[in-house]
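Chemist: The residues making up each chain are set out below.
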Amino acid sequence: MNSNPLTPGSASENWLELRLQQAAPAFPYPPTPDIAGNVRRQLERLPARPAHRAALRPAWLLALFLLAAAALFAIPGVRAAVLEFIQVGVVRIFLVEPTPTPTASAPTPQPQPTPISSLLNLAGETTLEEAIAQSTLPVRLPSYPPDLGPPDYVFLQDYGGDLLFLVWTDPEDPGQVLMSLQSFGPDATPVNKWYAQQMGEHPLEMTEVNGSPAVWTTGPYLLELKTGDLEMRRILDGHTLIWSEGEITYRLETHLTLEEALQTAHSLEDAR
Amino acid sequence: MERSEDAAATETALIEQARSGDQLAWENLVRAHQEPVFRFAYLLLGDSAEAEDTAQETFLRAYRHLHKFDSARPLRPWLLSIAANLARNRRRSLGRYWAMLRRFYDTSPAAHDHSAEEHSLQHSEAQQLWAAIRRLDQTDQQVLYLRFFLEFSVEETAQVMGVAPGTVKSRLHRANGRLRTVIERDFPGIREGIET
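Read top to bottom, the protein sequences are chains A and F.
All residue numbers for the first sequence refer to numbering that gives the first Met the number 0, where the first residue is 0 and numbers rise by one.
All residue numbers for the second sequence refer to numbering that gives the first Met the number 0, where the first residue is 0 and numbers rise by one.
Be aware that a few hints might be false.
[Said to hold, decoys possible] Distance condition first, Cα-Cα at most 20 Å in a straight line; then the derived EDC-like pairs of lysine to aspartate or glutamate:
(1) F:LYS168 with A:ASP151
(2) F:LYS67 with A:ASP169
(3) F:LYS67 with A:ASP172
These are calculated hints, taken from the structure and not from any lab test.
Whenever a hint applies, use it, and build me the whole structure from the sequences.
Modeler: Written out as structure tokens, the structure is:
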């Protein structure tokens, strides 16, 4: 055993940095392949890809939604205007009667993808490994889309029961959320409020995942999570597939199509 | 490694041409940056084929999202940040695969031989250092690769990692400290080399 350990601040620290400076640039990399040629051939084969999907979404959808939401929150007794609700697992989807909306002077904000910064203040951030070890919920990961990989952020929260929140960011723009998957235990009581009138004729679609009833909602809409004194509201721009399997309820927020979202839901596998 | 004003102007012009659909302009940019992108991916992934796929995907994605890039900024840090993210996702996927294999082999009486893998890496000082660095977390690895292996400036490293230059310096200091610990514990040969 050497009696002169490489302690911080010692001469050996400088030696290590010096050795890195001298040796690392000489690292024997494999020859760089002809990536430029491969990229050119790929580009020649591929059709022109549309711009970011969020940019294709009509701005008026969000504009109308925001106006309606503002009106709904401002008018006393608006909560009595609920027509009915649909329940999937612990999630309730409320259908709300339309309200008169002043539209003339309203600004028209552009829909934006969810910035990851809006999620980083969530409590319970952990690692996938820790979540697997600690969660009372099964930790299941999608294998579709094929290039998705594991989540970039993992949150494990206590909303009465466990709430597991997996977030994938956009590889080209890591500041934006690409997809998220929430799993709720049977004791959690999230409420998904969604205002149907502003979303077109068929904004809510009944479907199924692994034989269980499921609901597909198209955004934007308001998500409200409530349990006891805790409350969280978020305006979501993407679409959501909601289904339950056994005692677990899943919410998949995504810009994928319904068909792709179903494929994602069917691809969930236990990560343990 | 800082780019000259002429090189910057040329790059900006090529980016603008590529944005307007000129694939030849993009090919020229790929050729100019393919080596550091491939090498960075190789350092992060440790596999030539994986690094090639990652580098290729990096340039394809960058091309598709070129409209979001500020052409007044140097292209290389943006490309490497995309590559780092793709490599991280790819490595996590590989990690799950290897973890599954490890669980299988750990329950098998004929456990695999770690020493063979390490022995094959001890051909050069740089490879030994790389093997030690690969024991660190991804943030430590990235800052060491960018600064010492790819010889990026602190400012350029900061751009790739999306942090302030001061943060790069503090991360370097911490990464060096953790690297020393790994060397002491698992790679005493490197330390002896340092002390002789």
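Chemist: Give me the numbers of the hints this structure contradicts, sorted from smallest to largest.
Modeler: 1
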